[in-house]
Each structure stands twice: as structure tokens, then as C-alpha cells.
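If you read the sequences in order, they're chains A and B.
Sequential numbering of the first sequence, starting at 1, is according to the working numbering.
Sequential numbering of the second sequence, starting at 1, is according to the working numbering.
Possibly wrong hints are sitting among the right ones.
Claimed, not checked - Straight-line alpha carbon distances no greater than 35 Å define the calculated DSBU-like cross-link-like pairs of lysine-lysine that follow:
| no. | chain 1 | residue 1 | chain 2 | residue 2 |
| --- | --- | --- | --- | --- |
| 1 | B | Lys66 | A | Lys156 |
| 2 | B | Lys153 | B | Lys276 |
| 3 | B | Lys153 | B | Lys66 |
| 4 | B | Lys290 | A | Lys57 |
| 5 | A | Lys156 | B | Lys153 |
| 6 | B | Lys3 | A | Lys151 |
| 7 | B | Lys3 | A | Lys156 |
| 8 | A | Lys151 | B | Lys66 |
| 9 | A | Lys151 | B | Lys143 |
| 10 | B | Lys129 | A | Lys117 |
What the hints contain is simulated information worked out from the structure, not anything from laboratory work.
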Amino acid sequence: MKISIKSGLTLGVATVLIATASVAGNHASAESKAVAARNAQMSIIAYSIGVLGATAKGEMEFDQAAVNSAATNLNKMATLDPATLWIAGTEQGAVDGSRAKAEIWSDPDGFAAEFEKMASASAAIVGAADAAAVGAGLGALGGSCKACHEKYRGPKN
Amino acid sequence: MGKLLRFLVLAAIVAAGIGWFLTAPDDLAEGFAAGHTPDAEAGALVFAAAGCASCHSAAEASGEDKLVLAGGRAFASDFGTFYAPNISPSVEQGIGSWTFEGFARAVTKGVSPDGAHYYPAFPYTSYAKMEAADVADLWAYMKTLPVSEQVSKPHDVGFPFNIRRSLGGWKLLFADSAPVMADPLSPDLERGRYLVEVLAHCGECHTPRNALGGLDRAAWLTGAPNPSGNGRIPGITPAQLDWSAEDLVYYFESGFTPEFDSAGGSMASVVENLGKLPESDRVAIAAYLKALP
Numbered sequence: 001m002k003i004s005i006k007s008g009l010t011l012g013v014a015t016v017l018i019a020t021a022s023v024a025g026n027h028a029s030a031e032s033k034a035v036a037a038r039n040a041q042m043s044i045i046a047y048s049i050g051v052l053g054a055t056a057k058g059e060m061e062f063d064q065a066a067v068n069s070a071a072t073n074l075n076k077m078a079t080l081d082p083a084t085l086w087i088a089g090t091e092q093g094a095v096d097g098s099r100a101k102a103e104i105w106s107d108p109d110g111f112a113a114e115f116e117k118m119a120s121a122s123a124a125i126v127g128a129a130d131a132a133a134v135g136a137g138l139g140a141l142g143g144s145c146k147a148c149h150e151k152y153r154g155p156k157n
Numbered sequence: 001m002g003k004l005l006r007f008l009v010l011a012a013i014v015a016a017g018i019g020w021f022l023t024a025p026d027d028l029a030e031g032f033a034a035g036h037t038p039d040a041e042a043g044a045l046v047f048a049a050a051g052c053a054s055c056h057s058a059a060e061a062s063g064e065d066k067l068v069l070a071g072g073r074a075f076a077s078d079f080g081t082f083y084a085p086n087i088s089p090s091v092e093q094g095i096g097s098w099t100f101e102g103f104a105r106a107v108t109k110g111v112s113p114d115g116a117h118y119y120p121a122f123p124y125t126s127y128a129k130m131e132a133a134d135v136a137d138l139w140a141y142m143k144t145l146p147v148s149e150q151v152s153k154p155h156d157v158g159f160p161f162n163i164r165r166s167l168g169g170w171k172l173l174f175a176d177s178a179p180v181m182a183d184p185l186s187p188d189l190e191r192g193r194y195l196v197e198v199l200a201h202c203g204e205c206h207t208p209r210n211a212l213g214g215l216d217r218a219a220w221l222t223g224a225p226n227p228s229g230n231g232r233i234p235g236i237t238p239a240q241l242d243w244s245a246e247d248l249v250y251y252f253e254s255g256f257t258p259e260f261d262s263a264g265g266s267m268a269s270v271v272e273n274l275g276k277l278p279e280s281d282r283v284a285i286a287a288y289l290k291a292l293p
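Okay, chain A solo, but in the shape it has when bound:
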């Protein structure tokens, strides 16, 4: 079989391209890893709010230790350092699974201020004495979720 120089080169380039693509497929990019980490952060937030919500709604018996744990973890999730999580190039449309709006990067101070509101709203729930107090605290906390998701999160993909 005779292979011309040109077709041989084409074959070579194609092989390299396929190899590169499969390497990229096997190893997640820095961007998609950051998005996965943020989604994990949001999962812990949703889980913890779930504990508080079930308590406020009366679906779960009031348990001081559980309320304190959930509120403390929420506070920790609100105070993670953003530098390695909200890296550039991870907005919605650029990375699968991201719903981050470009405003996060054009307005970093506003974005940080929303996390600060979440930090204080969650800290205020630590030590809540009964389900009604949890419910009241949850109102303020929910307001911070909504406010941030209004400005900085896009609709579901």
C-alpha cells in the first residue's frame, strides 16, 4: 500500500488530535473542576437548609444540635475563599453544569456582599431556641439565597 506524504501527514495530525481529545476527555479541565467544587458547595448548602427547613415546617423534631450543626456548616460554606472556586472562564455557557452569570466577575464586590449576608444570616440561626426561631432565621437566610441567585445565577440549562 502506497501512502503519499500528504495523506501520511494528515493521518498523523488526525491521530494527534484524537489522542489530545481523549486526554482532554479523561482529565477534567481546571474550569470544570472548579464548577464541580462549587456545585458541591451548593449541595452542602441545600442539604443544611433542608435540615433547618424540615425543622421549621415541623417535619423534623426540633433538635438543637442538628440546628446548630446545619447553621454552622452554612456559615462555613458562606465564608469559603472565592479565589480558587470562582475562577475566570467558568460562567454559564463556557463550562457544562455552570449557571454562574458574568456579573460575578464584573461585580465581584456585590457578589462577595451576598455571601457576607448569607454568613451573618446563618450565624444568627446558631442557638435558635425552637422551630419558630429557626423559621424566622430561615426567612432572612432565604432572602440572601434569592437575592444572590437573582443577580448572579442563570436559569437551568
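Go by the hints and put chain B onto chain A.
Positioned in the frame of chain A, the structure of chain B alone reads:
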């Protein structure tokens, strides 16, 4: 040949005349809201349910500032970018010089006081079925709001959509005032239908549109692409959203989904507005959504 040409010219003139007639702005019915004493307090609830502030407040406004209807928010679409106008009671820049009839015609017919068609970015096709008393109460309430002297920004819409008269044709084709959920309904469902289909205009975002921007009523509330960018506006019929009625009501008052994700995007201010309504209204909306096919 001369005869044929004359005939064609005549036919064109007649067709243009009919077109002009058909695209003429509708007038308000005689005696609209006659005999009703406007109640500004009730109007505040109409204002919340209709979500006026969500679009007409300044872009960065939150809390009490949302009552300043200065306008300026941008709404990107396939047809261009629309900017919500100032509808504060400013005589110069807002709607302070309008009559009640002018306001009612604007809201229910999509026609400005000087007789121009509005773009359907303003959801008058939903508001068309607003009860006259509600329009009167809304007007009474809006007159109490703070004045803003912000100058309204012109829409950024290209040819041919910048020909306002063509919107008369659009209205003929797509402004369907028949309710989507057919009668007869229980009183609860009737209230829910009024809130969902008319005041809260849920279909404007949650129902897909055709190439000309008309709502596809056969796919009512089954979700649609986000007109302003990435992602999708979710479908909210029982086939797509398996939340219980209680889950829906809890979402409307707290903003939390059953998984304790939170409302965001445009829905955040919808939840804020729904929270101002009586509990019975949130229950009625949930009942309506659960009754969808």
C-alpha cells in the same frame, strides 16, 4: 393592459386600506370600570400580583426602591432589546399626565395614549382580561408611588419590527383573549386561572413562542428557551414538575424548592411579589398548576 394595471393599483389601495383598518389600535369599551370606587390598598395587591415593579423599577433597585418605577431595565429578545419605560407618576417623564382611560387602554389593549401599539414585551396580551375594577384599583395605587424624572430609553429594535403599525397585525394573529383553561371551574381554580393567566402572566415566560413571538398556547406552561441568554425557563405543568400543591405554596412564600434550592433569576422577584398576596392566592395558583394537563 392599462385596465389590468388600473385594477391592480386599485386592489393594492384597497388591500392597504383594509390592512390599515385591521391594524388600527383598539379602543377601550365604553363605561370601563364605571360605578367602581377605586381602592388604592386593593390596587397594591394587583400591583404585586401583576409584577409591575419587577420590570419597571430601576435595574439595581431592591426593597422599597422597587416602588420607584423609573424604568431602564433591558430585555433582550430575538427582535431586539426592549427597555422598560418610566411609569412613575411624573408628569414629564412618566404617566402622571395620563387619564384613567388612557391607562386602562394601555394595560388591557397595549395602546399608548397617543394611539401607538406597544410591543408585547409589555404583557398586555395577558392583562387584556384584567377585571376593570382591578385596573381602576391599580391606577389609584400607582398614583401614590414616588415620582422619578428618569428619561425613558428608546427600544433598540431593528427593521421591520420597528414599524409600530405592524404590531396591529401581530395582535390580530396572536392576541388571543380566550382563557387557556376552559370553563367551568371551581371558584378556587377560577381565581388561580385569573392569577396565572392574567395578573401574574406566567405564560409570558413559561410558554414557548413561535418565530414571530406569539405564544404557543398548545404548549401552555411547558417551558421555553430563556429569551435573554443561557438556559431554559422550566416547564411547570404536572408532567414536568412533580411538586405537590403544598410544595408549590411553600415555594411561593419562601422561595425554596422541595430540595431546598432557591428561586433565582426573574423568579426571585415573582416570589417576592407572591409573598405579598394572601395565602389563599398562593393556594389558588398551586391548584391551577396541579389542574393543568
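Quiz item: Is Lys66 (chain B) close enough to Lys156 (chain A), meaning Cα to Cα at most 35 Å?
Solution: holds (26 Å)
Quiz item: Between Lys129 (chain B) and Lys117 (chain A), is the straight-line Cα distance small enough, at 35 Å or below?
Solution: violated (41 Å)
Quiz item: Are the Cα atoms of Lys3 (chain B) and Lys151 (chain A) separated by 35 Å or less?
Solution: violated (65 Å)
Quiz item: Taken at face value, is the distance from the CA of Lys153 (chain B) to the CA of Lys156 (chain A) at most 35 Å?
Solution: Within the cut-off at roughly 30 Å; holds.
Quiz prompt | Hinted pair Lys290 (chain B) and Lys57 (chain A), Cα distance within 35 Å | solution = Measuring from Cα to Cα gives roughly 22 Å; hence the hint holds.
Practice problem: Would you check the hint for Lys153 (chain B) and Lys66 (chain B), treating anything up to 35 Å between C-alpha atoms as holding? | Solution: holds (18 Å)
Practice problem: Quickly compare the C-alpha distance for Lys151 (chain A) and Lys143 (chain B) to 35 Å and report which way the hint goes. | Solution: Given that 35 Å is the threshold and the Cα spacing comes to 29 Å, the pair holds.
Quiz item: Does Lys156 (chain A) lie within 35 Å of Lys3 (chain B) when you go C-alpha to C-alpha?
Solution: Distance of about 62 Å is beyond 35 Å: violated.
Practice problem: Could you grab the alpha-carbon distance between Lys151 (chain A) and Lys66 (chain B) and see if it respects the 35 Å cut-off? | Solution: Status holds; Cα separation ~15 Å.
Quiz prompt | Holds or violated: Lys153 (chain B) to Lys276 (chain B), with C-alpha atoms at most 35 Å apart | solution = Status holds; Cα separation ~30 Å.
When held up to the earlier numbered hints, the structure conflicts with 6, 7 and 10 and fits the remainder.
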